[in-house]
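S.K.: So the sequence lines, in the order shown, correspond to chains A and B.
Residue numbers for the first sequence follow my numbering, beginning at 1 and rising by one.
Residue numbers for the second sequence follow my numbering, beginning at 1 and rising by one.
Quick caveat, the hints were computed from the structure, so don't treat them as lab data.
There may be inaccurate statements among the hints.
[Said to hold, decoys possible] Quick list of the computed label-pair ranges, beta carbon to beta carbon:
{"no.": "1", "chain 1": "A", "residue 1": "N100", "chain 2": "B", "residue 2": "V55", "range": "11 to 21 Å"}
{"no.": "2", "chain 1": "B", "residue 1": "Q14", "chain 2": "A", "residue 2": "S79", "range": "47 to 57 Å"}
{"no.": "3", "chain 1": "A", "residue 1": "G16", "chain 2": "B", "residue 2": "S12", "range": "40 to 50 Å"}
{"no.": "4", "chain 1": "B", "residue 1": "V44", "chain 2": "A", "residue 2": "T20", "range": "19 to 29 Å"}
{"no.": "5", "chain 1": "B", "residue 1": "K56", "chain 2": "A", "residue 2": "R55", "range": "25 to 35 Å"}
{"no.": "6", "chain 1": "B", "residue 1": "K57", "chain 2": "A", "residue 2": "W96", "range": "46 to 56 Å"}
{"no.": "7", "chain 1": "A", "residue 1": "L83", "chain 2": "B", "residue 2": "V55", "range": "25 to 35 Å"}
{"no.": "8", "chain 1": "A", "residue 1": "S27", "chain 2": "B", "residue 2": "E41", "range": "26 to 36 Å"}
{"no.": "9", "chain 1": "A", "residue 1": "T14", "chain 2": "B", "residue 2": "A78", "range": "27 to 37 Å"}
{"no.": "10", "chain 1": "A", "residue 1": "W96", "chain 2": "B", "residue 2": "E41", "range": "20 to 30 Å"}
{"no.": "11", "chain 1": "B", "residue 1": "G40", "chain 2": "A", "residue 2": "Q54", "range": "21 to 31 Å"}
We treat Cβ as the ideally placed atom computed from N, Cα and C, and that holds for glycine.
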Amino acid sequence: KAGVTQTPRYLIKTRGQQVTLSCSPISGHRSVSWYQQTPGQGLQFLFEYFSETQRNKGNFPGRFSGRQFSNSRSEMNVSTLELGDSALYLCASSLWGPPNYGYTFGSGTRLTVV
Amino acid sequence: TQLLEQSPQFLSIQEGENLTVYCNSSSVFSSLQWYRQEPGEGPVLLVTVVTGGEVKKLKRLTFQFGDARKDSSLHITAAQPGDTGLYLCAGATGNQFYFGTGTSLTVIP
Chain A
1 KAGVTQTPRY LIKTRGQQVT LSCSPISGHR SVSWYQQTPG QGLQFLFEYF
51 SETQRNKGNF PGRFSGRQFS NSRSEMNVST LELGDSALYL CASSLWGPPN
101 YGYTFGSGTR LTVV
Chain B
1 TQLLEQSPQF LSIQEGENLT VYCNSSSVFS SLQWYRQEPG EGPVLLVTVV
51 TGGEVKKLKR LTFQFGDARK DSSLHITAAQ PGDTGLYLCA GATGNQFYFG
101 TGTSLTVIP
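Sequences and hints are given; from them, build the entire structure.
M.R.: Dropping the structure here:
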């Protein structure tokens, strides 16, 4: 079966711009979570969506937002980009989500802000 | 603030050696998972443990969940170059997974 697809794989943006990242989960999975990964902070939880509703949110500023569509595909948006937003953004798909179901991760989107 | 601390942070060993990676917390988790991540890719789930004291084996990898469900260990026997990667533990509490700080393992041929 197809895995988790994230697009684009690489992105270079300028400070102040906004960006939208896309994630297509495994077919049938209803939970989609987003993580930011940096060398200094590791994997930090952004938010989780389940059946189009945000179920959990991490401690990120309001510039970070997301949504989930009826087909479970999800997007995250970062507005007014800062240099510190440079990171690998990972999407994780799960049948029902935590705590009982593990994640299948996508390969990530590498965002570089210059 | 990291809920889960992993040690060591970096590990470089020769092929054939044994190693243990630790994942510690002061919090109790309903389940704990281990992932391995290779450069340029997302983490891949290795195992889920849910019962205090549980031990699971996956070929040369042995995973143990602490009795109090606050800590876990991953033991690799006779490490191979293919074991190289970033090992991450993740604890579930409430409806969220919290990831550990990671252990970067390099196995030298």
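S.K.: Hints broken by the structure, by number, lowest first?
M.R.: 6, 7, 8 and 9
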